[in-house]
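A.B. asks: Listed here are the chains, written in short residue letters.
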Amino acid sequence: MADAVKKKPVGKAVIFGLLSTILYYLLITKQDLYMPYFSKGEIYSLLIIGTAFIFSYVHGNFTDYFWKVLGIEPKKKREGR
Amino acid sequence: MQDVAAQVSQFVDLQLWHVIYLVFVGFVGGLVSGFIGSGGAFVLTPSMMSMGVPGIIAVASNMRHKFPKALVGAIKRAKFGHVDVKLGIIMGLSAEAGVFVGASVQQYVKQTLGDTGSSLYVSTALIIVLATVGTYVLLDAFKSMKLDRMGKAKEAEEEKPTRIALALRKIHIPGTMIYFKSINDRISFLITVPLGFATGFLAATIAVGGFIGVPSMIYLLGVPSLISSGTELVIAFLMGTIGTFKYAWHGFVDIRLAMLILLGSLFGVQLGAIGTTYVKGYMIKFVMGVIMLIILVSRATVVPVYLAQLGWISALSPQMVSLLKNVSFGINLLGLFVAAFIIFKNLIKGIYQEKRYRAHELAYKEGKIKG
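From first to last, the protein sequence lines stand for chains A and B.
1 is the number of the first residue of the first sequence in the numbering used here; add one for each residue after it.
1 is the number of the first residue of the second sequence in the numbering used here; add one for each residue after it.
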């Protein structure tokens with residue numbers, strides 16, 4: 001019953017899950033393409049920092065929705081409890 | 001160009017079991033970080049090194065996965081009201097200075113005593129900090145647990161600032177006083193800066209600054225445990241970002257390793273953060289104390305190896321050396337799993353209670369409408 005009250009973000013979880021899968025697929029399969037640049041250092045290190053932010057945004061959202069869909073949510077704040 | 005090629009060849013070929021292992025350890029490490037604000041590094045770095053990743057790349061890649069993880073964790077914890085951003089930024093920036101000095105000291109020890117000496121230095125620092133702070137934190141957690149069991153739940157939950165914290169707040173240095181919402185009081189930044197510095201110094205030395213950062217916020221500033229562990233994520237984020245930049249600048253970061261750890265650790269950090277909403281403040285202290293003391297045992301196990309290599313005690317057989325090292329790593333892993341177990345147990349218990357409560361609420365509401 002409680003589930004019916006709150007809608008679960010299944011759609012969002014699927015979208016971010018797909019995006020996350022694509023990112024990881026590229027990371028594993030396209031190593032030859034990006035590794036020469038990513039290991040150059042110096043100003044190229046900005047690429048590494050930027051990639052980190054993209055991954056944390058996409059994958060962070062995915063993991064957030066993932067647990068929500070599974071019904072694992074934080075405790076609701078209630079008065080007097 | 002040639003040294004670039006040499007650097008690339010330093011990055012190991014990834015096998016499937018490497019990937020699975022990194023994702024898994026990342027998950028458990030993330031779970032603990034989301035809960036107590038730091039942790040995971042002490043298992044991840046040696047794990048990567050055992051895969052054949054050179055030490056510096058292991059350290060750099062761990063640093064590199066830490067800042068996105070800390071960012072995601074901090075945002076989540078901020079939603080629960082567990083983050084004092086101002087305190088985190090001030091502590092984080094002073095921690096950066098601590099990292100700088102800590103790394104220089106490390107370098108100096110390495111030059112004068114060599115690799116073994118530097119390992120001994122790290123182990124000694126770790127043992128002293130873990131033994132003193134870990135014991136104190138754990139005893140304090142037990143005290144609150146006892147109160148809770150005696151039915152004085154309110155007293156156990158309510159975290160009064162320590163006497164030291166109250167005394168430190170009384171020190172009024174004109175022009176340096178800053179208001180922090182987590183303690184609802186003003187405190188001089190000349191007091192928070194050394195704490196941040198110590199956190200950074202420790203992070204540069206033993207890779208886990210939170211073992212100083214969180215207890216110092218709790219006991220010296222009087223910040224509640226839940227807010228201390230949430231704020232530690234802001235500090236970790238700042239240290240991680242600047243640290244990553246430094247290592248990446250020299251081409252030491254293996255992005256594949258870092259992102260694979262992140263794959264698991266973001267699942268973990270979310271879950272750990274959710275876990276904190278179901279527990280009382282002393283659970284943070286309990287988990288932290290337990291982890292610190294288990295790692296203490298793990299480190300103490302390998303100290304004879306370093307002493308023998310330095311010639312300070314008689315030589316050990318190679319079998320003995322590898323046995324001690326494996327046992328030490330095993331205990332490390334055990335520490336992480338024990339912590340993960342405690343967090344899971346609390347999370348599952350909390351979620352069941354919450355579900356039952358929600359069902360009651362719903363039944364009550366429906367009853368009201370009908371009535």
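Check each hint, because a few of them may be wrong.
As the list claims (entries may be wrong) - Distance windows between CB atoms, simulated:
{"#": "1", "chain 1": "A", "residue 1": "Y34", "chain 2": "B", "residue 2": "Q107", "range": "45 to 53 Å"}
{"#": "2", "chain 1": "A", "residue 1": "I72", "chain 2": "B", "residue 2": "K325", "range": "31 to 39 Å"}
{"#": "3", "chain 1": "B", "residue 1": "M320", "chain 2": "A", "residue 2": "G71", "range": "36 to 44 Å"}
{"#": "4", "chain 1": "B", "residue 1": "Q319", "chain 2": "A", "residue 2": "L46", "range": "45 to 53 Å"}
{"#": "5", "chain 1": "B", "residue 1": "G81", "chain 2": "A", "residue 2": "G71", "range": "16 to 24 Å"}
{"#": "6", "chain 1": "A", "residue 1": "E42", "chain 2": "B", "residue 2": "I348", "range": "29 to 37 Å"}
Stated by the list, open to error - No farther apart than 25 Å at their CA atoms in a straight line, the calculated lysine-lysine pairs in the DSS-like style are these:
{"#": "7", "chain 1": "B", "residue 1": "K280", "chain 2": "A", "residue 2": "K77"}
{"#": "8", "chain 1": "A", "residue 1": "K77", "chain 2": "B", "residue 2": "K325"}
{"#": "9", "chain 1": "A", "residue 1": "K77", "chain 2": "B", "residue 2": "K246"}
{"#": "10", "chain 1": "A", "residue 1": "K77", "chain 2": "B", "residue 2": "K110"}
{"#": "11", "chain 1": "B", "residue 1": "K355", "chain 2": "A", "residue 2": "K7"}
{"#": "12", "chain 1": "A", "residue 1": "K8", "chain 2": "B", "residue 2": "K152"}
{"#": "13", "chain 1": "A", "residue 1": "K77", "chain 2": "B", "residue 2": "K349"}
{"#": "14", "chain 1": "B", "residue 1": "K349", "chain 2": "A", "residue 2": "K7"}
{"#": "15", "chain 1": "A", "residue 1": "K68", "chain 2": "B", "residue 2": "K181"}
{"#": "16", "chain 1": "B", "residue 1": "K246", "chain 2": "A", "residue 2": "K76"}
{"#": "17", "chain 1": "A", "residue 1": "K76", "chain 2": "B", "residue 2": "K349"}
{"#": "18", "chain 1": "A", "residue 1": "K75", "chain 2": "B", "residue 2": "K154"}
{"#": "19", "chain 1": "B", "residue 1": "K110", "chain 2": "A", "residue 2": "K76"}
{"#": "20", "chain 1": "B", "residue 1": "K345", "chain 2": "A", "residue 2": "K77"}
These are calculated hints, taken from the structure and not from any lab test.
Here a beta-carbon is modelled for each residue, glycine too, at the ideal position from N, C-alpha and C.
A.B. asks: Does each hint hold? Answer for all of them.
C.D. replies: Consistency of the hints with the structure:
1. The hint said 45 to 53 Å for the Cβ distance between Y34 of chain A and Q107 of chain B, and at roughly 31 Å that hint is violated.
2. Here the CB-CB span from I72 of chain A to K325 of chain B is close to 37 Å, well matched to the stated 31 to 39 Å.
3. Taking 36 to 44 Å as the suggested C-beta distance range, the pair M320 of chain B and G71 of chain A does not conform, at roughly 50 Å.
4. A beta carbon spacing of about 47 Å between Q319 of chain B and L46 of chain A agrees with the range 45 to 53 Å that was offered as a hint.
5. Taking the beta carbon of each, G81 of chain B and G71 of chain A are about 23 Å apart, inside 16 to 24 Å as hinted.
6. Between E42 of chain A and I348 of chain B the CB atoms are about 48 Å apart, so this pair departs from the stated range of 29 to 37 Å.
7. A C-alpha spacing of about 14 Å is found between K280 of chain B and K77 of chain A, which places the hinted pair at or below 25 Å, so the restraint holds.
8. For a cut-off of 25 Å, the pair hint linking K77 of chain A to K325 of chain B is broken: about 46 Å separates their Cα positions.
9. With a CA separation close to 41 Å, the supplied pair K77 of chain A and K246 of chain B exceeds the 25 Å bound.
10. Straight-line distance between C-alpha atoms of K77 of chain A and K110 of chain B comes to about 51 Å, which puts the hinted pair past the 25 Å bound.
11. Annotation: proposed proximity of K355 of chain B to K7 of chain A holds, straight-line Cα distance about 16 Å (limit 25 Å).
12. With a C-alpha separation of about 38 Å, the suggested pair K8 of chain A and K152 of chain B falls outside the 25 Å cut-off, and the hint is violated.
13. Of the supplied pair hints, the one linking K77 of chain A and K349 of chain B holds, its CA atoms being roughly 17 Å apart against a limit of 25 Å.
14. Proximity of K349 of chain B to K7 of chain A is assessed by CA-CA distance (about 24 Å); at most 25 Å being required, the pair is judged to hold.
15. A C-alpha spacing of about 30 Å is found between K68 of chain A and K181 of chain B, which places the hinted pair above 25 Å, so the restraint is violated.
16. Proposed proximity of K246 of chain B and K76 of chain A is contradicted: the alpha carbons are some 41 Å apart, above 25 Å.
17. This hinted pair checks out: K76 of chain A and K349 of chain B have alpha carbons roughly 15 Å apart, not beyond 25 Å.
18. The hinted pair formed by K75 of chain A and K154 of chain B meets the criterion: a straight-line CA distance of about 18 Å does not exceed 25 Å.
19. Straight-line distance between C-alpha atoms of K110 of chain B and K76 of chain A comes to about 51 Å, which puts the hinted pair past the 25 Å bound.
20. Distance restraint check for K345 of chain B and K77 of chain A: the Cα-Cα separation of roughly 21 Å lies within the 25 Å cut-off, and the hinted pair is therefore satisfied.
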